[in-house]
Each structure stands twice: as C-alpha cells, then as structure tokens.
Amino acid sequence: MNRTNYLFLIIIVCSLHSCGFIHFMGTSEPADESPGEVAAYLKKKHLDFADHSLFFEDSLRNLFSTPFYAIDTYKLARNTPQSLMQLRIYDRSGKLVNAYTQCYGPFRRRNIIKTKEFQFWQFPTNFNLRFSDEPSLWAVSNLEKEQIRQAALQHDYTFVVYWNIWSNHYSKVMLKAVKKYLKRYESENFKIQVVLVNTGINPLNKPPS
Numbered sequence: 056m057n058r059t060n061y062l063f064l065i066i067i068v069c070s071l072h073s074c075g076f077i078h079f080m081g082t083s084e085p086a087d088e089s090p091g092e093v094a095a096y097l098k099k100k101h102l103d104f105a106d107h108s109l110f111f112e113d114s115l116r117n118l119f120s121t122p123f124y125a126i127d128t129y130k131l132a133r134n135t136p137q138s139l140m141q142l143r144i145y146d147r148s149g150k151l152v153n154a155y156t157q158c159y160g161p162f163r164r165r166n167i168i169k170t171k172e173f174q175f176w177q178f179p180t181n182f183n184l185r186f187s188d189e190p191s192l193w194a195v196s197n198l199e200k201e202q203i204r205q206a207a208l209q210h211d212y213t214f215v216v217y218w219n220i221w222s223n224h225y226s227k228v229m230l231k232a233v234k235k236y237l238k239r240y241e242s243e244n245f246k247i248q249v250v251l252v253n254t255g256i257n258p259l260n261k262p263p264s
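Start counting the sequence shown at 56; every next residue gets the next number (the working numbering).
Every clue listed holds true.
Lysine-lysine pairs mimicking DSS-like chemistry, simulated, CA-CA at most 27 Å apart:
1. K235 to K100
2. K98 to K169
3. K169 to K238
4. K171 to K150
5. K171 to K100
6. K169 to K235
7. K231 to K171
8. K246 to K231
9. K231 to K99
10. K169 to K100
11. K200 to K234
What follows is a set of in silico ranges between Cβ atoms, one per label pair, in the way DEER data are often shown:
12. V228 to A94: 12 to 22 Å
13. K99 to P122: 34 to 44 Å
14. L208 to S242: 17 to 27 Å
15. K150 to W176: 10 to 20 Å
Since the hints were made in silico from the structure, they are not lab data.
By construction, the Cβ of each residue, glycine as well, lies at the ideal position given by its N, Cα and C atoms.
Use the sequences and the hints to build the structure in full.
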C-alpha cells in the first residue's frame, strides 16, 4: 500500500472512531488479527499475563456503541462509534466502578490505575454498564462466558481491556499499566481477574450499520 492510500485509510479510521488522539505516525495499518498473531505479540512484548485473552465478536461490532455497552456518553449522545481501546473496571458485584477510553486523552495523563485506589477524572462515563453484559460481545462459547462471569464473583475486581495490535502505543500503554498494577497490588487478599479482548478488525471490513 502506498503512502497516499495509507493516509486515506488512517483518515477513515479516525473518522470511524471520531478520536483525534490517534495519530497517523503512531499506528500501523488496521487489519484483522489472528489468534496466533495476538499470542505471539503478547509473548514478545511480555504482556501475556491475563487470565483470559479473547476476541471481540465482529458481527456484534455495532452494539459496542449502544447504551448497553458504550462507555463514553459524550460519543453515545452524538451517535458516534466508540474507541476500540478501552479499560473497564468492575467490582465483585458486577458494577462498573471506573473506566478509560482512548478518546479521554493520553493514558499516561489519565491513568486511572496509577494507585491502588483508582484515580477518578471527570470523564463522560456510562456507569450504568454491568459486567454480566460484557461477555455477550466476546467470541467465545457460552460455557466460557459463564465461567468468566462466575470467576468475577470470586475476585475483588475484573479488568476488561479492549485493545488491538495495530494501534501500537495506544493499546500497549494500557496493557503495561495493567501488568504494573497487578505486580504492585494483587495479593491473596486482593484478587483481580483480567480479560483481554482483541478488537483488531479491519475497519474497512466492519459490519454495515
């Protein structure tokens, strides 16, 4: 792909996400990402720490921007697609207690897990979300979905990270932060379940509205 076509593709991606923080020079070409590619990437970057590494159900992509699943209420009110890079934190009861989406700003400046007691910012976050609804978006069996739901009841928190390889820094900085948080704070008395959900679909092949 020549540079002109690549630039055009990035403009489409930014339009789809309506997020000015994704920079042309900071991302790779968007593409579908296979289980093998994802596993190799996480291992190479020393980020293969999660309890579960899953994939987004591509056929349900549009649901990500609906009231039952959308995290950013500002974008929701404007019928704008949600960012594909997010961190959602649920407590044992399944209530959303904190969240970050890439369109809230650079993660290093908006790091909600910088301390054990989560950092809170004035973000337009949809706190009506419930963890029990999340697995409906994942490309795994109903049995595994239920196992993850049940496991959440045995952990103090469940971190759900929506990420992809092509976004480079924007996903990697979240993954590194989660790994660092676990190393610092997780213990027998403070348990966290981590679910990574890859969103690496090529936006040019996304399901129609």
